[in-house]
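Residue numbers (my numbering), protein chains in the order written: chain A, 1 to 286; chain B, 1 to 344; chain C, 1 to 281.
Hints are computed from structural coordinates only; laboratory data are not their basis. Note that this is a predicted model, so its numbers are computed, not measured. There could be a bad hint or two in this list.
[Claimed, not checked] So the derived label-pair ranges between C-beta atoms look like this: (1) C:A66 with B:S162: 47 to 55 Å; (2) A:D178 with B:I239: 43 to 51 Å; (3) B:A111 with C:G188: 53 to 61 Å.
From the three backbone atoms N, C-alpha and C, an ideal C-beta is built for every residue, glycine too.
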Amino acid sequence: MTALALPRPAGGLPRLSLRVFLAALAAILLLLWTGVPLLMAVLWSLVDPDKPWSYPDFLPPSLSLAQWQYVFTYSSIGRAVATSFTIAPLATLLAFVLSLPTAYALGRYRFAGKETLKLLILLPIVMPGMVIALFLSRAFDMLGLSQSLFGLVLGHTLLGMPFMLRILATAFEAIPQDLIDAARNLGAGWPALVRRVLVPMVLPGLFAGAIFTFIASLEEFNLTFVIGTPTFETIPTVLFGYLGYHFVRTNAAVVSIILMVPSIVLLFIAERYLKTEYLSSAFGKL
Amino acid sequence: MSRLRLNHLTRRFEGMVAVDDLSLEVADGEFLTLLGPSGCGKTTTLRMIAGFLGPDAGDIWFDDRRMTDVPPHRRNTAMVFQSYALFPHMSVAENVGFGLLMRKLPKMESAARVAEALDLVSLTGLEDRRPGQLSGGQQQRVALARAIVTRPDILLFDEPLSNLDAKLREKVRVEIRELQRRLRITSIYVTHDQAEALVVSDRIVVMNRGRIEQIGDPDTIYRAPDNAFVADFIGLTNIIEGMLLDDGTVDTPIGRLRIDGGRPPKSTRVKLIWRPEDMKATANGQANRLSGTVRQVIYRGNVTEFTFDVNGHSLRGQLDNDLRPQEGEAITLGLEADRIRVVI
Amino acid sequence: MRARLAIVLLVLPGAGFIFLFLAVALTITALQSVGVLGFGREPGFTWEFWAALFDRQFLDSFLFSAKVGTGSAFGTLLLAYPLALFLRRRRAGGRFIGSVVKIPLFVPALVAAFLILNAMAFHGVINGVLLGLGLIGQPLLMMNDKFGWGVLAIQVWKKLPFQLLILASVLATIRTDIEDAARNLGAGPWQVLRHIILPLSMPGILIAVVLVFIMTFGDFAITRIAGPIYPTSLAVLMHTKALTLSEWNLAACIGMVIMVASLAFVGVYARTARLLQGTAP
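Let the sequences and hints guide you as you build the complete structure.
Here you go:
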């Protein structure tokens with residue numbers, strides 16, 4: 001039986017087309033699942049108040065920035081933005097200062113209880129936020145930290161530290177011991193070592209940690225809701241106001257976008273310019 | 001037990017050709033080794049036989065059945081992987097019995113066959129251990145047992161001994177050979193270790209860059225290589241280029257050498273190949289005499305290998321230990337004409 | 001010894017800060033639940049609050065939270081696991097799908113609540129499309145509904161990429177040669193999944209489920225926004241009792257319940273995570 005050699009499409013097995021179909025289907029469904037809600041939010045924020053958008057119109061009859069104007073003029077969003085963007089950098093700075101030595105120890109030393117410590121560090125974001133917020137507020141009340149900016153910064157720092165710590169620890173872990181040994185060998189004392197070797201090498205990690213902590217602070221709700229309002233409003237508390245019992249769709253849409261944009265921009269920067277290990281250490285490989 | 005036929009198999013990866021129009025027939029129950037350097041296409045060929053890769057052109061036949069488009073789980077082959085690939089979450093018995101589970105064999109019969117396979121590889125008593133609790137050698141045996149228990153049409157070996165230490169490797173390769181002889185399953189064995197190939201195979205396929213350089217039994221491959229590549233890949237070799245003269249001798253940089261008949265047609269430019277052990281300490285009565293200075297001496301335990309310079313060319317020699325030369329010593333060795341192989 | 005001291009000093013600022021605040025919160029909750037701390041009443045140890053806790057309202061809330069917790073965890077799993085399997089082997093469009101799927105990670109929880117609330121509302125786009133296609137005669141009530149579908153939808157939307165990342169990383173640790181060995185021995189695609197991939201990814205599945213459960217069980221904001229008035233989640237009940245009704249002691253009891261449940265599951269997570277590290281290649 002001398003069969004002739006017949007040419008065949010690369011890959012061999014004929015089930016290829018089924019896979020391609022499923023992939024395309026999954027891609028479309030995912031796009032709809034993720035994109036439609038986002039699109040709706042954007043559209044609703046641009047609805048012209050004089051031409052309401054309702055079924056059966058598929059798209060808003062006309063677009064205008066009137067809602068945006070309204071929100072900025074008549075709501076407390078302006079102050080809220082200022083407050084949010086004041087607390088966030090302060091909390092990030094404080095988190096960095098507190099985390100630096102701990103992250104160094106976690107990244108470069110081996111010691112008993114290290115794994116338990118790593119778990120403890122995760123608790124602020126895993127534990128039920130409202131429980132912590134509510135009962136911490138009792139303590140804050142007693143200490144006079146309620147309704148104060150300092151109290152809010154402390155609270156936001158608490159919630160940002162898990163990210164900062166984990167990312168910085170990963171960054172420190174990645175410094176090859178050889179580099180430190182070489183620097184020491186060439187005569188570097190501690191200050192020089194920190195300035196010329198450690199800080200430059202963890203700079204990307206630092207940047208990533210700062211971004212995640214900043215975003216965590218911008219998005220923080222539970223604690224701010226309990227100890228901040230009504231004196232201080234942040235973007236999330238304003239948004240919550242429009243989502244609760246007074247559901248004002250258009251205002252909520254505007255504030256949503258205001259809340260989302262900085263987060264997305266910052267995370268885009270983080271993902272683009274930094275290694276993805278930071279992303280997965282922050283979100284995934286818990 | 002099946003005959004295997006590979007018919008003009010071709011497979012490309014990202015532009016380069018991994019397997020190039022390869023055709024091969026393997027007899028039922030034969031132990032065939034695919035031998036060659038990394039990248040020669042041997043593993044690709046093996047994986048095509050297993051069904052993990054589809055060829056770009058060509059066909060694969062088991063007996064009279066065309067297997068080219070059959071998915072791997074329906075081919076009734078069994079592979080012993082380089083990394084053993086034992087299922088970490090299953091016991092030894094469950095690992096070995098997996099193929100039988102897939103074939104829906106009743107529990108009693110499956111247990112009996114598993115016991116039989118474990119006995120064949122001398123692992124009786126370890127049924128309930130996990131792979132993580134076994135040594136490398138033991139894991140390898142489990143992989144072997146798992147493969148043979150299904151009584152496959154074709155048994156495939158993907159460099160199964162690479163992760164074992166030298167002593168164990170030598171022991172196990174002989175055991176594999178014995179086992180295969182008993183079971184008479186058609187086996188395809190991939191390795192880059194030529195010593196291994198010589199020990200286990202009925203026939204060896206020497207591959208290079210996706211093509212077959214030579215097929216033959218171990219003795220033929222060793223004694224009568226078809227070309228310089230095969231000669232160089234198997235064992236140690238001396239290769240010298242020269243001009244074939246009309247009187248039947250060859251003019252080379254190390255002198256005029258006498259060769260036996262069987263010279264290649266047409267070409268006057270030839271390569272002469274011979275093994276180090278073919279050069280004898282007594283030069284008298286030998287057709288060729290080679291004189292030079294000993295350079296490196298390497299003690300191998302049973303023999304001594306050495307290099308010596310003849311007219312600026314380095315040749316490899318091998319002598320018994322009691323005849324071993326010293327570094328720097330002048331030496332003359334004899335080489336019979338029929339020991340020299342002539343290739344183009 | 002000096003090294004030990006140095007490590008303690010280094011670890012103190014970061015870990016100490018976290019520990020301090022968490023410990024304070026936990027202590028206050030615990031003390032309030034037994035009346036040692038109180039407002040507007042004589043402080044003194046008592047079990048009366050715990051005794052009074054298990055009324056109809058609390059049990060309904062507990063069940064609601066448990067239901068939403070497990071529903072979110074497993075609902076997300078149902079979507080995330082197949083996706084993770086799909087993305088495992090590099091396929092055409094894998095990168096695109098991988099990027100799109102990650103978007104909800106970057107959307108703040110409150111915004112996610114709004115987005116889904118908006119889409120699933122009575123006058124939202126989903127009802128609009130279904131009505132338009134003639135699939136339903138009347139708009140569906142999907143938000144603030146008694147069962148909690150609204151909350152579930154938002155949680156699943158938000159947590160999907162989170163579970164996906166965990167599952168994908170676990171699946172990546174399963175060596176392909178093991179899969180090949182199974183196929184070689186006669187396992188078809190479903191059998192490979194059932195006998196090899198599922199068992200080996202069990203620890204990862206457990207972690208993914210437990211984490212999402214913990215996060216959704218104690219949720220406040222999303223349930224307040226998209227959940228029914230009654231029953232509501234434990235966290236909302238707790239908040240109402242504390243700040244609206246000034247029943248701080250009862251609120252503390254509820255807080256303890258949420259905390260203990262979460263800590264119990266954190267324990268499960270920790271145990272499983274250590275197991276995973278053990279089997280990593």
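Which of the numbered hints are not met once you compare them with the structure shown? 3
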